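There are 2 protein chains.
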Amino acid sequence: MFGKIGGRSFLSSSLCNNTGFLQKNNNVDDKSRIVGFFNEQQPKSILTRDNERDPRFRRTETDFSNLYARDLLPAKNGEEYTMQFLLEVVDILTNYVRKTFDRSTKVLDFHHPHQLLEGMEGFNLELCDQPESLEQILVDCRDTLKYGVRTGHPRFFNQLSSGLDIIGLAGEWLTSTANTNMFTYEIAPVFVLMEQLTLKKMREIIGWPNGEGDGIFSPGGAISNMYSVMVARYKHYPEVKIKGMAAAPRLVLFTSEHVDQFTVNLFLLLHLSHLICIPLQCCSQSHYSIKKASAVLGFGTENLILLKTDERGRVIPADLEAKVIDAKQKGFMPVFVNATAGSTVYGAFDPINEIADICEKYNIWLHVDGAWGGGLLMSRKHRHKLNGVERANSVTWNPHKMMGVPLQCSAILVREKGLLQGCNSMCAGYLFQPDKQYDVTYDTGDKAIQCGRHVDIFKFWLMWKSKGTIGFEKHIDRCLELSEYLYHKIKNREGYEMVFQGEPQHTNVCFWYIPPSLRLLPDGEEKRQRLHKVAPKIKAMMMECGTTMVGYQPQGDKVNFFRMVVSNPAVTRSDIDFLIDEIERLGQDL
Amino acid sequence: MFGKIGGRSFLSSSLCNNTGFLQKNNNVDDKSRIVGFFNEQQPKSILTRDNERDPRFRRTETDFSNLYARDLLPAKNGEEYTMQFLLEVVDILTNYVRKTFDRSTKVLDFHHPHQLLEGMEGFNLELCDQPESLEQILVDCRDTLKYGVRTGHPRFFNQLSSGLDIIGLAGEWLTSTANTNMFTYEIAPVFVLMEQLTLKKMREIIGWPNGEGDGIFSPGGAISNMYSVMVARYKHYPEVKIKGMAAAPRLVLFTSEHVDQFTVNLFLLLHLSHLICIPLQCCSQSHYSIKKASAVLGFGTENLILLKTDERGRVIPADLEAKVIDAKQKGFMPVFVNATAGSTVYGAFDPINEIADICEKYNIWLHVDGAWGGGLLMSRKHRHKLNGVERANSVTWNPHKMMGVPLQCSAILVREKGLLQGCNSMCAGYLFQPDKQYDVTYDTGDKAIQCGRHVDIFKFWLMWKSKGTIGFEKHIDRCLELSEYLYHKIKNREGYEMVFQGEPQHTNVCFWYIPPSLRLLPDGEEKRQRLHKVAPKIKAMMMECGTTMVGYQPQGDKVNFFRMVVSNPAVTRSDIDFLIDEIERLGQDL
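From first to last, the protein sequence lines are chains B and U. Taking the numbering used here, the leading residue of the first sequence gets 2, the next gets one more, and so forth. Taking the numbering used here, the leading residue of the second sequence gets 2, the next gets one more, and so forth.
By construction, these hints were calculated from the structure, which means they are not laboratory data. Small disclaimer: the values here were computed from a predicted structure and weren't measured. One or more of the hints may lead you astray.
[Stated by the list, open to error] If you anchor each label on the Cβ, the simulated ranges turn out as follows:
| id | chain 1 | residue 1 | chain 2 | residue 2 | range |
| --- | --- | --- | --- | --- | --- |
| 1 | U | Asn78 | B | Arg313 | 46 to 52 Å |
| 2 | U | Gly208 | B | Glu482 | 55 to 61 Å |
| 3 | B | Glu119 | U | Pro210 | 22 to 28 Å |
| 4 | U | Gly503 | B | Gln116 | 51 to 57 Å |
| 5 | B | Gly503 | U | Gln131 | 34 to 40 Å |
| 6 | U | His115 | B | Gly332 | 50 to 56 Å |
| 7 | B | Glu213 | U | Pro210 | 53 to 59 Å |
| 8 | B | Glu119 | U | Glu122 | 53 to 59 Å |
| 9 | B | Asp578 | U | Asp130 | 32 to 38 Å |
| 10 | B | Asp103 | U | Ser66 | 40 to 46 Å |
| 11 | U | Asn388 | B | Gln116 | 36 to 42 Å |
| 12 | U | Ser66 | B | Lys362 | 53 to 59 Å |
| 13 | B | Glu62 | U | Asn78 | 42 to 48 Å |
| 14 | B | Ser66 | U | Ser66 | 47 to 53 Å |
[Said to hold, decoys possible] Residues from chain B that keep clear of chain U, each with C-beta distances beyond 12 Å, as calculated:
| id | residue |
| --- | --- |
| 15 | Leu126 |
| 16 | Glu417 |
| 17 | Gly419 |
| 18 | Tyr486 |
| 19 | Glu498 |
| 20 | Leu521 |
| 21 | Leu522 |
| 22 | Lys528 |
Think of the CB as a built atom: it goes at the ideal place given N, C-alpha and C, for glycine as much as any other residue.
Please construct the entire structure, taking both the sequences and the accompanying hints into account.
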């Protein structure tokens, strides 16, 4: 075991702050990073402000140590304290926003679960019978951010969702303040209309005539994909709603064998004595969300049939047709095909038109999972990768991924109107006012599997207003250019090997870094075994140092490799350069 | 049709602003309400502040009319503009917060869908190719709030979720700023631990030994209830996960026939020519979320068996036992019973202990839906209403209802550890690092049906820290006292009739207001028909005037009645008095 200095592991200190590191990496970014690290160690009083110049952020004289939640509104005379308290919180948040964009700050200040659970310098997670003062609440807020991960940092490449859009953030603050839900026009008139208009716009962009169809924002891509399977089942076997799965023949679903989403969400535990990272979630999304849907909805996971992919991770249409025929010969009923538009690891786009031909031929519901790749529809340059999407019966599209909308924001769009309602409505028999003289499209509660539904639309609507369609297009084109830059930088660089050949379709760039000690080893099991451990080790050190974060995973018979993605508008070429330098710095002696 | 004046219907003006109304209701509240209404009509410049005294809210000199989203961070030199912009947004939000608690402001400024869609004085919902200036974005923010509903207003009684908790609000602002998700410890270390500790605390309060068990926060009560059905199915028929529903016998579920949740979420369309409100969602939650789960999960809605209730809306245990025996005799397999703790309309608590006896006898999963009533567990005075809850296999408990936590915050708690994981995990085969030396309880992604999951925990954790357990207890006791006050005020008052007799178990008080013109009518169909229209008409006028909002619905053979609930800490006796006065003012001439 390594020793600890002030709660930080010795390992971290030795890797991140020794003189050699400073000398080796003495560019401005790295120097300021180290300085930034030490600056962050300075204790800060609540009343000390970074920005004394801004008159609106003058230090307040309010003493929060004797104030409690009960002193805020609706307490009598609580207004002034409430405003002061909220402004203190905003001060914490705007400082965090500032630092998020500042490359001299760390991406994260990593601690192990047991460290956080034991309590860090006054940050105690335990809940008590008695209230804490507002001063402590402010400290808790500051510490929560301090020990978290800056997902908006220009060097956070770990997830498909990254970045911190300022307009989106403002939208979320407003949404929380409005504190309502999407169930009815009555309690969310503006948000319900915004949702309707935005979904229509998305359907127009998909290419459905006049933007006709239906849709709803759901709590994430997995639920959106689940909606698609439900609606497909309802379309083909509406009696299942009332009679259950027993009323249908054996239904089968099809999706790519390839990993799709959240493979990169690896839960790492840095086992310090061995310096090994252990990936827990080596599961794929085609395997994952469609497989989850198969289990949840009562199909059974063995009735999900996996489709072969080419070397780039794209479904092979001939394999789909062969498996459809095979299933029918066995007496099963194919009802649903998922085509992935932007797989999680490779960023692969399945050939939608060819898949649509087969679906039409055999009367199968075609769903396009564009959770990750749907954003490319906004780009005139890149939308051809989804050619044929207008032939889909339903589409999942997560603006919270490629379009930089804050989490969560995921849409399920359905070409045929009325199916969502038919599938999920429970109320037909209860309508007893015969004179229905209103437009029920304003109601959404009956389309959803939820009752109350979080307002996910406003931030997206506001971002669209503020950027225009062309703003999203620019963002997407730029992210893809950065990926091309990375691809060209490393494809022939010593110590790198690409996982698949050719320019990436999406922003995903998949590669192995091969440390000098492995470069001369002959190909074979020993090299594989050792290479498999490289990415986890480098990732562990990145997190300990807090300098950057990037995902890795294995895929099929390929050992662990890095998967780089760009969706954050704050990223520049220098950040890509930094990542490569950092991988080499941390990996050179492995 | 009535005429329109400046986009507001004549009906509204005549009811809300005529001299007679002012003379009839010339108490301070009403006067200031009217004055407040006119004040709200004054156009406001972005740069005009209500509170010039606060130095932190001095008018800024920034001209946002030539600034765009692209000028904000990460733009070069974007920091200053970003801070100014966010402070402008905060200014809008804090003004909204102030007004929310101000009884002289309206609860809502009602407009019809077509009015909002046509565009209100510069508020245009349409999305364009080109960006809007930040000045317009700020106007959009202000207008979004202006045309919405103040769910935190002390006179908003329309939903089970009401109020605007300042600490919870701060928590939500921080959550949006952190912009991460709950999938892994890696990207949400602090939030993942907070969730774990909070769920354990909730299980302790339920009464499970040492707080052992499992749980997760989900996107609302309907999804939490769906989890309970899924886990019950997995416990009894784990093979369904792989083989589908075909692998199990015909499974049946049981729940109350009584309405439970969201009945009050009536989608109203005010048909002006007839002044009739039409309830669209006359559906119940027992019927609703459990029925939705039956459909979604492949059981089929006809396999949900409804249980008879007593006059207070509580399930009759003998009916459950009879129906279980009957189902078994037909060869069906009873797997799941839902006991409701706090039904939506009556606030009824099913007798959990007696239901648990039957579930144990027949080996059936017992779920307690405490979405609405679970909060009473925090009160030593009222928790007896959930006696036996510790015998449940799973419990739904929505802190976003009775505990005043901002939307959304719903927990599903499961007594047996490992079932959530077993039920939803898709990954077992993919773990290929043999040396798993970490505690997988920190991972949550594999327990959920979602992939990414919104951070719902922080606001709740922060509120608990700031109030302590005793703070929640006081809040709950106070809300129940207010309901008793209302009950005693109207139970013998002329023109009122209680829907059921006796003190309410929860804060729900259900009553008819009978206008003078109906009081002398003999009981019979004509009176029923006319009474049925009273609550919708009064509600329509309330919304037009914007003075207050309260829910109504029919129940079984009972015609439309008001259902009053209190969950907002801002409510006082004077607000209860106001509601009654308002009902009488608006209803006296019907």
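Worksheet item: Taking each numbered hint in turn, which are not upheld by the structure, reported in ascending numerical order?
Response: 1, 10, 13, 14 and 15
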